[in-house]
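Enquirer: Sequence:
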Amino acid sequence: MSGGWKRRLRGWWWKLPLLGIALSVAQVLLLRVVDPPLSAFMLARWGQAALEGDPGYRVRYDFRPLARISPQLPLAVIASEDQNFPRHHGFDFDAIEKAQAHNERMLARAERRGTPVRRLRGASTISQQTAKNLFLWQGSGPTRWLRKGLEVWYTVLIETLWPKRRILEMYVNIAEFGDGVYGAQAAARRFFGKDAQALSAAEAARLAAVLPSPKRYDAAHPGPYVQRRAQAIQGQMAALGGTGFLRTLE
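Quick note on numbering: the sequence shown equals residues 1 to 250 in the UniProt record's numbering.
Bear in mind the hints are in silico, worked out from the structure with no lab data behind them.
Don't take each hint at face value.
DSS-like cross-link-like pairs, simulated, lysine-lysine; straight-line CA separation at most 25 Å [to be verified]:
no.	residue 1	residue 2
1	Lys148	Lys98
2	Lys164	Lys148
3	Lys194	Lys148
4	Lys148	Lys15
5	Lys98	Lys194
6	Lys194	Lys215
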C-alpha cells in the first residue's frame with residue numbers, strides 16, 4: 001500500500017505547479033470583472049489584530065468604481081508612485097536603476113556619518129503594489145523572497161489580463177491610507193468626512209503623500225514632511241497635464 005501511495009504522489013507532483021498556474025490565472029480573470037470583498041493584506045491585518053488581542057479592530061473598506069472616485073486621486077497616486085504607469089508593462093526598469101543608485105548613495109552617506117539610513121527609495125510600480133496587496137503578503141526572510149517571486153508572476157498576469165484602468169481602479173480601492181483604512185472611499189470618509197467623488201486636488205495629494213507609511217503619517221493632520229510631499233505631488237500632477245492625463249489609460 002505504501003509503495004502504491006508513493007507512486008501516486010510522484011505521479012501528481014509535476015501537476016501541482018500547473019494547478020497553481022491555472023488557479024492564479026482563474027483568480028485574476030475573475031477579478032477583472034468582480035470587485036473583491038477584501039484583499040490579502042486586509043486579511044493579514046485582521047489576523048495580526050486577533051493575535052495582539054484586539055477584538056474591536058475592524059477594516060474600513062468600501063469599493064467604488066473609478067467613475068465614482070474623484071479623478072484627482074488616481075492622478076495623485078500616479079504622480080507620486082509611478083509616473084510611467086501608462087507606458088510600462090508592469091516593471092519600470094529605469095526607475096529601478098535610479099532607486100538603486102539613490103539607495104547606494106544614501107547607504108554610503110550613512111556609513112560615513114555613522115548615522116541611520118534615511119528614506120531609501122523603492123521602485124515598485126502601481127501594478128506590482130496591486131499584485132502584492134491584493135494577492136500576497138509582506139513577508140520577511142525567506143518568505144519575502146517567495147513573495148517577490150509570486151509578485152512578479154501576478155504582476156505579469158494583471159498586466160496581461162486587465163486593462164490599465166482596472167489596475168488603477170483596484171489600486172486606489174485596496175491601498176492602505178491609514179491603519180485599517182483601505183481605499184479611496186474609506187479614506188475620504190475617515191480623514192475628510194466626504195465622499196471619494198468630492199476629493200479636491202490638495203486632499204488627493206495628501207492621501208498619496210502618506211502611502212509609503214500610512215501607519216506613520218496622517219492625511220487629516222499632516223506634519224511638515226507630508227505637507228511638503230503633498231505640495232510636490234500637486235506640482236507633479238500639474239506637470240503631467242492634470243486629470244486629462246488619465247485619458248492616456250483608455
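Enquirer: Hint by hint, work out which the structure violates, then give me just those numbers in ascending order.
Expert: 3 and 5
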